[in-house]
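Top to bottom, those sequences are chains U and Y. FYI, in my numbering the residues of the first sequence are 24 to 383. FYI, in my numbering the residues of the second sequence are 24 to 383.
If you're looking for bench data, these hints aren't it; they were derived computationally from the structure. It is possible that some hints are incorrect.
One copy or two, either will do: identical chains are not told apart, so a pair holds if it fits within one copy or between any two.
[Claimed, not checked] The calculated DSS-like cross-link candidates involving lysine-lysine, where the alpha carbons are at most 25 Å apart (straight line), are:
#1 Lys-231 with Lys-340
#2 Lys-251 with Lys-362
#3 Lys-30 with Lys-269
#4 Lys-182 with Lys-251
#5 Lys-30 with Lys-280
#6 Lys-231 with Lys-25
#7 Lys-292 with Lys-231
#8 Lys-251 with Lys-269
#9 Lys-25 with Lys-251
#10 Lys-292 with Lys-128
#11 Lys-280 with Lys-182
#12 Lys-182 with Lys-31
Each chain, written out:
There are 2 protein chains.
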Amino acid sequence: MKATVTKKVLSEGLGLLERVVPSRSSNPLLTSLKIEATEQGLHLSGTNLEVDLASFAPAEVQNPQAFVVPAHLLSQIVRTLGGELVELELSGDELSVRSGGSDFKIQTGDVAAFPELNFPSQVDATVEASDLARALNSVRYAASNEAFQAVFRGVKLEKRDNGARVVASDGYRVALHDFALEGEVRELIMPARSVDELVRMLRDGEAKLSYGEGQLSVTTDRVRMNLKLLDGEFPDYERVIPTDTKLQVKLPSGSLKESVGRVAVLADKNANNRVEFLVTEGQLQLNAEGDYGRAHDTLSVEQSGTEPAISLAFNAKYVQDALGPIEGEAEMLFAESTKPAIFRPAAGGGYMAVLVALRV
Amino acid sequence: MKATVTKKVLSEGLGLLERVVPSRSSNPLLTSLKIEATEQGLHLSGTNLEVDLASFAPAEVQNPQAFVVPAHLLSQIVRTLGGELVELELSGDELSVRSGGSDFKIQTGDVAAFPELNFPSQVDATVEASDLARALNSVRYAASNEAFQAVFRGVKLEKRDNGARVVASDGYRVALHDFALEGEVRELIMPARSVDELVRMLRDGEAKLSYGEGQLSVTTDRVRMNLKLLDGEFPDYERVIPTDTKLQVKLPSGSLKESVGRVAVLADKNANNRVEFLVTEGQLQLNAEGDYGRAHDTLSVEQSGTEPAISLAFNAKYVQDALGPIEGEAEMLFAESTKPAIFRPAAGGGYMAVLVALRV
């Protein structure tokens with residue numbers, strides 16, 4: 024096998040794989056990637072057992088052959104090369120990587136022992152890659168990284184009238200985002216960590232979804248990815264979304280983010296970073312108190328609804344997370360002091376966060 | 024005490040102090056800073072016991088008074104404030120920090136218990152702050168962060184014909200930088216960690232040095248700093264600088280940095296990141312070998328000297344450190360395979376690194 028490929032193309036392909044393939048593992052094969060040289064170019068693939076990833080690098084190839092190399096090592100070598108073209112040559116189980124005045128020899132692994140990765144070709148649905156990325160990005164924070172129950176570490180995909188919804192919850196808050204999708208929507212739960220990898224792979228263009236047995240596959244111009252799905256029953260999150268809100272406020276999301284950030288400095292870390300919200304007479308007052316002192320902040324808001332005032336408390340960190348995806352005007356909808364509240368962009372756009380209030 | 028100060032000025036002053044004052048300590052007073060409000064403004068000072076730092080923030084002050092507050096907390100609060108002006112008011116032992124719609128109350132500490140910090144006013148020498156910063160920055164890497172002997176964790180200042188020199192060594196390498204200085208030079212050793220703090224404080228303008236008992240003080244427009252000095256005998260580093268070099272090479276420092284970075288990928292981490300240098304016939308060949316394979320790189324160099332060829336080995340990491348401060352053309356001067364080698368900018372400028380060669 025002998026291949027000539029541009030450094031840029033190879034290095035991009037390896038960079039994608041490097042994100043998924045672990046740099047250390049008790050099984051060294053898992054730190055490797057498989058390169059299948061064909062007459063069109065190099066098919067690169069690797070897995071962390073949760074996510075399989077494949078990318079393609081066009082190349083001039085003689086004597087096509089498949090081989091296995093340490094993923095991070097090859098990526099690091101190619102990144103540091105000086106020339107614009109890279110020549111790969113396999114002789115026995117040694118791979119030469121040459122470019123400019125450089126010549127690297129690295130040991131290849133056992134290609135027969137490498138796990139079989141299958142990327143399906145059927146397409147069940149299509150979506151704008153940037154829409155899918157934005158939706159996943161907006162809800163990801165609400166999934167737990169540690170929760171005992173797996174579904175709290177997942178992001179659910181479900182069908183909506185005009186497309187699809189992704190939703191995540193750790194039991195204390197819910198984040199959801201609706202988006203347009205063409206084709207079938209199957210209800211499924213992706214591990215949030217795999218969602219992080221998926222979001223990194225999504226750019227512009229179209230993403231094709233394919234539903235498999237315990238697996239979701241996503242294909243874009245650049246990559247193909249399989250995500251192993253989570254089993255379990257996602258909580259009935261719609262139950263906690265208040266429907267009878269009695270007081271609504273609108274204000275610039277930037278001002279609210281800054282204000283919450285300010286008072287949070289003095290909020291008690293051992294009491295859920297508690298920040299009290301008091302809405303009355305077109306003002307939102309924020310109060311926090313901790314070991315080092317007290318913070319008080321006042322913001323003007325556009326207030327509406329049937330109740331003249333409301334007072335409730337939230338975890339400052341959760342409020343900041345909920346506001347994260349909101350740009351421009353934010354809207355907060357309150358039911359009662361003990362009931363969850365809604366945070367969403369006043370202009371719509373598909374995103375909504377629901378926060379459980381802290382006890383008074 | 025009541026003071027009005029711009030957020031920008033106060034926040035810059037606090038930002039400087041925040042770098043030095045520890046955020047945690049078994050003695051909470053050490054995490055505090057002292058604010059002495061005078062009719063001219065606010066004198067801020069703090070210490071980590073190795074370095075004392077003072078800065079000044081012009082302010083409008085009524086009823087001048089001194090007080091002590093948690094440094095990081097105040098800095099964090101001021102940074103997040105929305106308004107342009109900040110009002111500080113002391114009532115009893117509670118400090119109010121007000122700006123825009125925000126009002127923070129924080130507890131002050133015991134001003135009598137705060138360590139007495141003295142910043143001398145005499146000037147023994149003056150130097151361009153940027154020259155001093157560059158010189159210290161260039162040699163800092165050669166000081167150890169862990170060595171058992173304190174002097175190896177220090178940077179020495181010493182007198183030279185046309186000014187001063189700073190030099191650091193961890194026993195395996197030496198870095199030195201000569202620079203212009205007006206006035207007296209006293210031989211002294213600064214802890215490298217304090218040097219890091221000093222470098223961060225130095226900008227443009229003049230730095231005034233003042234030598235005290237076991238202490239160096241540096242004053243600039245913005246800050247005053249005391250550095251506690253190290254005791255001990257600095258090693259006779261001049262002994263290891265080769266004077267009879269027999270082969271010299273010149274090449275662009277960028278190409279050499281890249282090349283060393285490349286071959287270092289395969290160098291054996293357990294064998295000092297060993298990279299072999301072979302100079303012959305106007306070429307520098309670099310070779311490294313480790314568990315995963317072998318790397319070979321070739322660079323064209325401008326070769327001179329009485330010896331036709333030399334082969335020696337270095338720790339790749341040390342070569343990269345030595346090249347760090349060199350821009351443009353680099354010069355390497357070799358004596359023998361077992362002797363230290365010199366790395367310096369071909370254009371001069373005061374910097375030189377000396378590297379011990381690894382055994383063949």
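Comparing the hints with the structure gives:
For a Cα distance limit of 25 Å, the shortest separation of Lys-231 from Lys-340 qualifies neither inside one copy, at 35 Å, nor across copies, at 45 Å. In the homo-oligomer, the alpha carbons of Lys-251 and Lys-362 never lie at most 25 Å apart, since the shortest distance is 35 Å inside one protomer and 58 Å across protomers. Taking identical chains as interchangeable, the C-alpha atoms of Lys-30 and Lys-269 are never at most 25 Å apart, the minima being 60 Å within one chain and 39 Å between chains. In the homo-oligomer, the alpha carbons of Lys-182 and Lys-251 lie at most 25 Å apart inside one protomer (20 Å), although the nearest pairing across protomers, at 67 Å, exceeds that limit.
Proximity of Lys-30 and Lys-280 under a CA criterion of 25 Å is satisfied inter-copy only: 19 Å between copies versus 43 Å inside one chain copy. Taking the shortest alpha-carbon separations for Lys-231 and Lys-25, neither the intra-copy value of 33 Å nor the inter-copy value of 64 Å comes in at or below 25 Å. With identical chains, the CA atoms of Lys-292 and Lys-231 are never at most 25 Å apart, being 44 Å at best within one copy and 44 Å at best between copies. Taking the closest pair of Cα atoms, Lys-251 and Lys-269 never come within 25 Å of each other, the shortest separation being 42 Å inside a single copy and 63 Å across copies.
Taking identical chains as interchangeable, the C-alpha atoms of Lys-25 and Lys-251 are never at most 25 Å apart, the minima being 34 Å within one chain and 62 Å between chains. In the homo-oligomer, the alpha carbons of Lys-292 and Lys-128 lie at most 25 Å apart only across protomers (17 Å), although the nearest pairing inside one protomer, at 53 Å, exceeds that limit. Taking the shortest alpha-carbon separations for Lys-280 and Lys-182, neither the intra-copy value of 32 Å nor the inter-copy value of 54 Å comes in at or below 25 Å. Taking the closest pair of Cα atoms, Lys-182 and Lys-31 never come within 25 Å of each other, the shortest separation being 40 Å inside a single copy and 51 Å across copies.
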